[in-house]
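Let chain A serve as the given structure and place chain B on it in line with the hints.
There are 2 protein chains.
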Amino acid sequence: MITSLNNEKIKKYLKLKNKKYRDMEELFLIEGEHLVKEALKNQVLVDLLVMEDIDIDFNYTIVTKEIITKLSSLESIPKMIGICKFLDKKEITSNKVLLLDNIQDPGNLGTIIRSSLAFNFKDIILSLNSVDLYNEKVIRATQGMLFKVNIIRNDLESVINELKKKDYLILGTNVRDGIDVKEIKGKKIGLVMGNEGQGVSDNISNLCDKNLYIKMNKEVESLNVAVATSILEYELGEL
Amino acid sequence: MITSLNNEKIKKYLKLKNKKYRDMEELFLIEGEHLVKEALKNQVLVDLLVMEDIDIDFNYTIVTKEIITKLSSLESIPKMIGICKFLDKKEITSNKVLLLDNIQDPGNLGTIIRSSLAFNFKDIILSLNSVDLYNEKVIRATQGMLFKVNIIRNDLESVINELKKKDYLILGTNVRDGIDVKEIKGKKIGLVMGNEGQGVSDNISNLCDKNLYIKMNKEVESLNVAVATSILEYELGEL
Numbered sequence: 001m002i003t004s005l006n007n008e009k010i011k012k013y014l015k016l017k018n019k020k021y022r023d024m025e026e027l028f029l030i031e032g033e034h035l036v037k038e039a040l041k042n043q044v045l046v047d048l049l050v051m052e053d054i055d056i057d058f059n060y061t062i063v064t065k066e067i068i069t070k071l072s073s074l075e076s077i078p079k080m081i082g083i084c085k086f087l088d089k090k091e092i093t094s095n096k097v098l099l100l101d102n103i104q105d106p107g108n109l110g111t112i113i114r115s116s117l118a119f120n121f122k123d124i125i126l127s128l129n130s131v132d133l134y135n136e137k138v139i140r141a142t143q144g145m146l147f148k149v150n151i152i153r154n155d156l157e158s159v160i161n162e163l164k165k166k167d168y169l170i171l172g173t174n175v176r177d178g179i180d181v182k183e184i185k186g187k188k189i190g191l192v193m194g195n196e197g198q199g200v201s202d203n204i205s206n207l208c209d210k211n212l213y214i215k216m217n218k219e220v221e222s223l224n225v226a227v228a229t230s231i232l233e234y235e236l237g238e239l
Numbered sequence: 001m002i003t004s005l006n007n008e009k010i011k012k013y014l015k016l017k018n019k020k021y022r023d024m025e026e027l028f029l030i031e032g033e034h035l036v037k038e039a040l041k042n043q044v045l046v047d048l049l050v051m052e053d054i055d056i057d058f059n060y061t062i063v064t065k066e067i068i069t070k071l072s073s074l075e076s077i078p079k080m081i082g083i084c085k086f087l088d089k090k091e092i093t094s095n096k097v098l099l100l101d102n103i104q105d106p107g108n109l110g111t112i113i114r115s116s117l118a119f120n121f122k123d124i125i126l127s128l129n130s131v132d133l134y135n136e137k138v139i140r141a142t143q144g145m146l147f148k149v150n151i152i153r154n155d156l157e158s159v160i161n162e163l164k165k166k167d168y169l170i171l172g173t174n175v176r177d178g179i180d181v182k183e184i185k186g187k188k189i190g191l192v193m194g195n196e197g198q199g200v201s202d203n204i205s206n207l208c209d210k211n212l213y214i215k216m217n218k219e220v221e222s223l224n225v226a227v228a229t230s231i232l233e234y235e236l237g238e239l
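Protein chains in written order, with the numbering used here: chain A, 1 to 239; chain B, 1 to 239.
One chain only, chain A, in its complex shape (with noise of 0.2 Å):
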């Protein structure tokens, strides 16, 4: 049992609400049960941080509930955390990949990683100015499906390039003007979704084959952007 946050093992795992530390250490913290358990099932929890015997196939280490506390980052105290390993980075394999522009909110992020879960867009390509990816708030808004797809820090430029070498047709969004994503055919699909305020950026909108549109009420100038993904992955993905 551990009862001080002096601990060392406790300190380096306070440093990981931090992105610096999380991106030197390669781990990253989840919270409560149902992450904790998502976790393991997908073999990337390392150490596993709890108030009182429970019953789970891992070996952990019991702490008091000022070091939860402390580690914590919701406002209702959770019952377990999760130190995990940075998830691996796979080649792109599927003919569905979701290319994010510049997500900046972190709750956007996480919905996106849990809808394109449940649309079979199994590669996400994130760009590199987009939101860290092991931020707390991204992963208790992916619901623990974060383990479950590939998602891959590039820059998006280069990766275009790569999946139009592979006949992949690059789908832009545009609130302006588009083609109804219910005329799209193709089997091989990167779909590029931008920036919250901006949208898709001028050398990325460039390189899109063509722009997708929504069907919607002209009063309304554009769509949450995790919703617009969905939707449009919900018409696109094959299942």
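Just so you know, the hints here were simulated from the structure itself, not pulled from any lab data.
This structure is a prediction, so every number in the text was calculated from the model and none was measured.
Check each hint, because a few of them may be wrong.
Intra- or inter-copy, both count: the list cannot distinguish identical chains.
[Claimed, not checked] When the alpha-carbon atoms are kept at most 20 Å apart in a straight line, the in silico EDC-like pairs for lysine to aspartate or glutamate are as follows:
#1 90 - 177
#2 37 - 219
#3 12 - 136
#4 164 - 209
Using the frame of chain A, we list chain B on its own:
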């Protein structure tokens, strides 16, 4: 020009950050130029505080940065803060009604309102235990679309019973089973969406004629509620 936080008007407006006072005064705050312009267009703006002269067809008051900072809930201080009167509650007139059962996340409610207008669900019934419509995070997430829909906070059971008398088909949602939304035919629809964690409550679920299902990867238990609502509205709304 107002320079003091002790000004009676400013003291009153500061209290509007609190739900109790909003309900008492039937007023709420909005931040930033986009929302202010939408409020003005929709004739709900009653006062406007700015930091310097602006070009707007409304009788504004200049205040100090300190006052705007205190009134704001944003990290980056907005250029203006508007004071709006509560929205009128109208009769249900549209054929597509959204009923929200205990929605708790303000971002979700705001996003749902934005999508509802996009897909022509212009009457929204909010259960008595849902998050406050005039919460600053709700308003921000609506992107000003809340001024263009009819939102009524009421007891869901009684509204559903009224809708049934008027031949609306009441559609619930259930993550375990249901009818694919694509199979639904019907002009008059009441769509019921439930709480983020628990879904639709049992007493409301029992009043539904059918349950809907969105076809998705079996690995995913559920979608974010704002995403699920938007996809169902996208399928059911008339454009």
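Alpha-carbon proximity context of residue 37 and residue 219, limit 20 Å | Only across copies: residue 37 and residue 219 sit 14 Å apart there, 44 Å inside one copy, limit 20 Å.
Between copies, within a copy, both or neither: which fits residue 12 and residue 136 at Cα up to 20 Å?
-> within (17 Å within a copy, 36 Å between copies)
Between the shortest in-copy and the shortest cross-copy C-alpha distance, which are at most 20 Å for residue 164 and residue 209: within, between, both, or neither?
-> This pair counts as within: shortest intra-copy Cα distance 9 Å, inter-copy 47 Å.
Homomeric proximity label, residue 90 with residue 177: Cα distance no greater than 20 Å = For residue 90 and residue 177, neither the intra-copy (34 Å) nor the inter-copy (34 Å) Cα distance is at most 20 Å.
Of the numbered hints listed earlier, the single one contradicted by the structure is hint 1.
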